[in-house]
Amino acid sequence: MTKSETGRQVAQLLFQAGAVQVSRNQPFILAAGWASPVYVDVRLLLGEPGPRKAVTDLALAYVEANFPAGRFDAIAGAETAGIPFAAWLADRAGLKLRYVRKRPLGIGRNAQVEGGSVDGMRVLLMDDLTTDGGSKLNFARGLRAAGANVEHVLTIFYHDVFPGAAARLSEVGLTLHALATWADMLGAEASRQLAAEDRAEVERFLADPVAWSARHGGRTSLTPLS
Amino acid sequence: MNELLNWLLLQKGGIRTYLEFQNRALDLRASEPEHAALLRLLADLAGRFAEAYDGEPLSVDVAERALGQLSALLEKAIAPGAIGPAEHLALLNEIGQAELV
Numbered sequence: 001m002t003k004s005e006t007g008r009q010v011a012q013l014l015f016q017a018g019a020v021q022v023s024r025n026q027p028f029i030l031a032a033g034w035a036s037p038v039y040v041d042v043r044l045l046l047g048e049p050g051p052r053k054a055v056t057d058l059a060l061a062y063v064e065a066n067f068p069a070g071r072f073d074a075i076a077g078a079e080t081a082g083i084p085f086a087a088w089l090a091d092r093a094g095l096k097l098r099y100v101r102k103r104p105l106g107i108g109r110n111a112q113v114e115g116g117s118v119d120g121m122r123v124l125l126m127d128d129l130t131t132d133g134g135s136k137l138n139f140a141r142g143l144r145a146a147g148a149n150v151e152h153v154l155t156i157f158y159h160d161v162f163p164g165a166a167a168r169l170s171e172v173g174l175t176l177h178a179l180a181t182w183a184d185m186l187g188a189e190a191s192r193q194l195a196a197e198d199r200a201e202v203e204r205f206l207a208d209p210v211a212w213s214a215r216h217g218g219r220t221s222l223t224p225l226s
Numbered sequence: 001m002n003e004l005l006n007w008l009l010l011q012k013g014g015i016r017t018y019l020e021f022q023n024r025a026l027d028l029r030a031s032e033p034e035h036a037a038l039l040r041l042l043a044d045l046a047g048r049f050a051e052a053y054d055g056e057p058l059s060v061d062v063a064e065r066a067l068g069q070l071s072a073l074l075e076k077a078i079a080p081g082a083i084g085p086a087e088h089l090a091l092l093n094e095i096g097q098a099e100l101v
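Line order of the protein sequences matches chains A and B. Counting in the working numbering, the first sequence runs from 1 upward without gaps. Counting in the working numbering, the second sequence runs from 1 upward without gaps.
Excised from the complex, chain A in its bound form (with noise of 0.2 Å):
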């Protein structure tokens, strides 16, 4: 399967959880401080077998047809959204599972990785959406102040529109690896229906995102707030 059938058979998912949350006149603010129109819940592939399983099948595709067999050792999902993709994903793998939090606890063993010790693994960290990367970092540096070697990021959807995501990644060592990002979700059956209006506004969003959030009440620039 190439990347855009996944993309597509992702994006179809999505739309059809109603993960796709548009909203015109109260805009969303992402946590990297962005506004944007539309939010793309990926949590709600969680609640029901059928699209948990399918998108998993979808994420093991990926997986195999893209690394060597034997690639990684382990797979950490990256706290919360990621934990139940990378336990899924882990099992159908055969491979250990990981979870990594936030921040360490700041008690008792301060850890910040749970599930097991991570020294000299080949891990892959998995979570279910990525904007600007900040937090994927975060994430790796946890993972790699345990002892872990990792060098990719596999999200279920990355927002893709904001420049230096995954310029900022590689500056770190991290390849991204999404199933599914705005083309996708633009080119899928299911985007159809997106009411008229919500898909002009996601599309004027999509043509200049700084622009759009700068209008209406988030970030200005893609200069990072000291």
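What the hints contain is simulated information worked out from the structure, not anything from laboratory work. This one's a predicted model, so the numbers in the text were calculated from it and none came from an experiment. Incorrect hints may have been included.
Here are the simulated EDC-like cross-link-like pairs (lysine to aspartate or glutamate), alpha carbons at most 20 Å apart as the crow flies [what the hints assert, rightly or not]:
# : chain 1 : residue 1 : chain 2 : residue 2
1 : A       : K102      : B       : E20
2 : A       : K53       : A       : D41
3 : A       : K102      : B       : E56
4 : A       : K102      : B       : E51
5 : A       : K102      : A       : E79
6 : A       : K102      : B       : D27
7 : A       : K102      : B       : D54
Residues of chain A placed beyond 12 Å of chain B at every Cβ, according to the derived structure [claimed, not checked]:
#  : residue
8  : A54
9  : L186
10 : Q193
11 : A196
Note that the Cβ used here is the ideal one computed from N, Cα and C, for glycine as well.
Since chain A is already given, all that's left is putting chain B on it; use the hints.
Frame of chain A; chain B shown alone:
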């Protein structure tokens, strides 16, 4: 704490702002131990808000209100002029009881 306020005023208030604020406030206790209680309470306040919205985007209204509330509490904490122990305790209690939005 002035530096923390200046940083906060530059933010647009996505959830990552609150996680970063929490880390910065906790780190600041080392260099400003005289404000440790205040910083711990502010860090917890920001952290609770980030936990509440875990994985969710904010609406513009919620983002503006939460950032305004946190900034106002921090401004109050570093307002010029010494405050007495009673006022200081009252401020700690106010932050201890506050929730963002």
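Hint check:
With a C-alpha separation of about 11 Å, the suggested pairing of K102(A) with E20(B) holds against the 20 Å cut-off. With a C-alpha separation of about 17 Å, the suggested pair K53(A) and D41(A) falls inside the 20 Å cut-off, and the hint holds. Only pairs whose Cα atoms come within 20 Å are accepted, and K102(A) paired with E56(B) is accepted, the gap being roughly 15 Å. A hinted pair counts as satisfied when its Cα atoms are at most 20 Å apart, and K102(A) with E51(B) qualifies at roughly 11 Å.
For the given pair, K102(A) sits about 6 Å from E79(A) by alpha-carbon distance, which is consistent with the 20 Å threshold. Straight-line distance between C-alpha atoms of K102(A) and D27(B) comes to about 16 Å, which keeps the hinted pair within the 20 Å bound. A C-alpha spacing of about 11 Å is found between K102(A) and D54(B), which places the hinted pair at or below 20 Å, so the restraint holds. Even its closest Cβ contact with chain B, about 21 Å, leaves A54(A) beyond 12 Å, as expected for a residue assigned away from the interface.
For L186(A), the condition that its CB be more than 12 Å from all CB atoms of chain B holds, with the nearest at approximately 20 Å. For Q193(A), the shortest C-beta to C-beta distance to chain B comes to about 21 Å, beyond the 12 Å cut-off, and the non-interface label holds. Listed as a non-interface residue, A196(A) keeps its Cβ farther than 12 Å from every Cβ of chain B; the least gap is roughly 23 Å.
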